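Model the full structure from these sequences, guided by the hints.
Chains as they are written, first to last, in full-length UniProt numbering: chain A, 1 to 301; chain B, 1 to 301; chain C, 1 to 301.
These are computed hints drawn from the structure, not numbers from a lab.
Some hints could be false.
The list makes no distinction among identical chains, and a pair is therefore deemed to hold if it is satisfied within one copy or across any two copies.
[Claimed, not checked] Within a straight-line C-alpha distance of at most 20 Å, the following computed EDC-like cross-link-like pairs (lysine to aspartate or glutamate) qualify:
| id | residue 1 | residue 2 |
| --- | --- | --- |
| 1 | Lys-87 | Glu-266 |
| 2 | Lys-87 | Glu-264 |
| 3 | Lys-119 | Asp-271 |
| 4 | Lys-220 | Glu-266 |
| 5 | Lys-87 | Asp-271 |
| 6 | Lys-34 | Glu-94 |
Since the model is a prediction, treat every value here as computed from it, not as a measurement.
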Amino acid sequence: MRHLLDFQGWTRGEVENLLDTAKVMREVLERPVKKVPALQGFTVATVFFEPSTRTRISFELAARRMSADVVSFTAATSSLQKGESYKDTLLTLEAMGVDAYILRADSAGVPHQATRWVKGAVVNAGDGRRAHPTQALLDAYTLLEALGGLEGKKIAIVGDILHSRVARSNAELLSLLGAEVWCAGPPSLLPQALPGARLTPRLDEALEEADAVMVLRLQKERMEAGLVQLEDYIAHYQVTEARLGRAKPHAPLLHPGPMNRDVELEGHLADSPRSLVQRQVQNGVAVRMAVLYHVLVGREG
Amino acid sequence: MRHLLDFQGWTRGEVENLLDTAKVMREVLERPVKKVPALQGFTVATVFFEPSTRTRISFELAARRMSADVVSFTAATSSLQKGESYKDTLLTLEAMGVDAYILRADSAGVPHQATRWVKGAVVNAGDGRRAHPTQALLDAYTLLEALGGLEGKKIAIVGDILHSRVARSNAELLSLLGAEVWCAGPPSLLPQALPGARLTPRLDEALEEADAVMVLRLQKERMEAGLVQLEDYIAHYQVTEARLGRAKPHAPLLHPGPMNRDVELEGHLADSPRSLVQRQVQNGVAVRMAVLYHVLVGREG
Amino acid sequence: MRHLLDFQGWTRGEVENLLDTAKVMREVLERPVKKVPALQGFTVATVFFEPSTRTRISFELAARRMSADVVSFTAATSSLQKGESYKDTLLTLEAMGVDAYILRADSAGVPHQATRWVKGAVVNAGDGRRAHPTQALLDAYTLLEALGGLEGKKIAIVGDILHSRVARSNAELLSLLGAEVWCAGPPSLLPQALPGARLTPRLDEALEEADAVMVLRLQKERMEAGLVQLEDYIAHYQVTEARLGRAKPHAPLLHPGPMNRDVELEGHLADSPRSLVQRQVQNGVAVRMAVLYHVLVGREG
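If you want it as structure tokens, here you go:
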């Protein structure tokens, strides 16, 4: 594995292999001294052309737990303001000795292009509406922990499917792992098609007998753009305890964060025993350690 | 000691114990290689919902001198802009493996609430007007160095007492250590009462025979809010060499920084032999090392 | 060498000595584990009163490759907004235990003043239009690599000479190393004189038989200030493949970055074999390692 861009062309075996490495990393994180020398001498750059403190810190900790050096490049204080291109920014970092680029961009495809510019490894940390593969990997890891396996399991994803790279990557990955993925949301926030998933505007249909429910964040921008009204959304798509009655008993609840409590879900559900929100974040560090290890040390793989 | 929020419920012995640890840390900082492995494998997060580069860097260096990993979360680039709550931010960091939170917030009480949310240690780095305990500890440490002891010593604090968490925490701590604390400022900037301190609008009364004088920063916001006029303040409350004549000879001068030279004090006084401003900053790193050590390693204490 | 401010008073031997150290550092950067313990226990602060992610990260990596601790202070989130002076900022960092200050300021002379304020080493990372000595050092290092030597070599610098600290420092340094420096630009962007260089408004004259060509960035501010019109600049001063025909065959091309492709140079030239742009950035880390080593460990020199 040279890069992690999305799951196109991946086999189920490759994904399972990566998730096995994540399991080893999870054990490292349980130790009193949560540190291994696996990436000593490597330099990892987080290059965020769109701000995201959570994801950046998660990757940063993943890299540091493996003893890599980390540098942070964010657009807010960067040469991009001075008109430098994405490409020249990455070439500059490469010349400074960076070995892996954790790339977040507001437009789709930047990580793919980046692999043509630099020799180092590129990890997509979210590109526009397209993909967010490490989020899907941590979701898959968390679901596997909770459900034992994904084969034939019904996973409901609820919310703004149209603009969500999280939905897109999860549909791709979870279906590859044998799950049946249903995506529900208001018609104005549903794409015409989504590879790996069935789409429905009827929340109940998606929740019916679901083995797990993933709730997406509702961005304020969608309301400002008039795509949806807050009251309407809450009335018809908020995930509530009552509506969860349709899912399997104790079906776990996931959310990629940051959450708008009492918008996309009843706030208290995030703290209930069925919530895996914290576990997702924990697993996120392990999954990102595994990804960095694979792209930097196991590049032949 | 599990957390450091303020000094309510603290005994004099507990404070003295902490300051003894700070003395050991001070010695570490005098060494050619200023580093000990005491916190190896621990992760400390600075979580600043209000910007303060000085305090953040001081804590960051304290943590690094003890070989902890440090991550920085600042509101400016954070999920809070996306509506995430303080609570969810901290839970997310906890799930990523953070062991201690250095918390700065613009509203009072956030650090107290945080102790109910997370399992890790919470250190208050300033919450609204309420408390700034590590500042008071470094002030106490610096005064003890300079005066030998605080029992029966008269300490004058001058400036905007009403809005000052530094004044509040110092009144609490210095009086616990046996000092007689006087706070002087314009009537519009004096609270009705301040536990541990006597209040006066007459600067001369506070300075009279004072063993040490602590000058507070005058925030521009107070003038913009019409609480005080700059010329009036300077005329009646600026700490000048002449006015210091009322204090004991060579009474040392403290300031928590950043200073407005020639506003709250005559600028040259900050560079005079009686100024302990630099020593305060030096001791700040040692005191914060001691605090991190106590909350992370000596939590039973 | 105690500080690096500019090249006034430097001898050719001193520069060559520093570049020899950079060569050793260059070899460190070729190793699988690019790290030496040379600066263990030292603390380096990047203090940028003007943003520059590239230069900051280059210095940061240089310091980390030598195992120093690094803290970053940027004006955007700093006490300067609260009115603290440059001096008090540096004194505060010194009291926290900083050993070297990498200083970037928008006004000339701040690094010189800083040497009177702090005991630590000051490295000028660019002060107003005055100097940018580490940029000139990495340019000299790169030119020496490419040309074998600088004695009698004609180096053309093209662009906004008037406002360029890069041009100024290069003229100073390259002429000290025996080169003949020509600076070309529009009359409105040429100073009356530049020590170490000949000035000309005629691009062809500067390029004629040049051994190397250094292209400067054209700042948008110059156009906004009406000093030059974009179309005029491109028509008369853009470095194109055709115009490079006047220079010696294969004369290398340098640019301090970030580049405005197709403004100050034909974009494709930056990716052509004659471009040393990436090599400059690579050498920048090595040169900055050498500078930090000299000011921190070899201070007697």
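Tested hints:
In this assembly of identical chains, the alpha carbons of Lys-87 and Glu-266 lie at most 20 Å apart only when taken from different copies (16 Å versus 43 Å within one copy). In this assembly of identical chains, the alpha carbons of Lys-87 and Glu-264 lie at most 20 Å apart only when taken from different copies (17 Å versus 37 Å within one copy). Taking CA atoms no more than 20 Å apart as the test, Lys-119 paired with Asp-271 passes between copies only; the shortest distance there is 15 Å, against 44 Å inside one copy. In this assembly of identical chains, the alpha carbons of Lys-220 and Glu-266 lie at most 20 Å apart only when taken from the same copy (17 Å versus 42 Å across copies).
Within a single copy, Lys-87 and Asp-271 get their C-alpha atoms only as close as 43 Å, which misses the 20 Å cut-off; across copies the closest is 11 Å, which meets it. Only between protomers do Lys-34 and Glu-94 lie at most 20 Å apart by alpha-carbon distance; the minimum there is 14 Å, versus 29 Å within a single protomer.
Going through the hint list in order, the structure satisfies each hint without exception.
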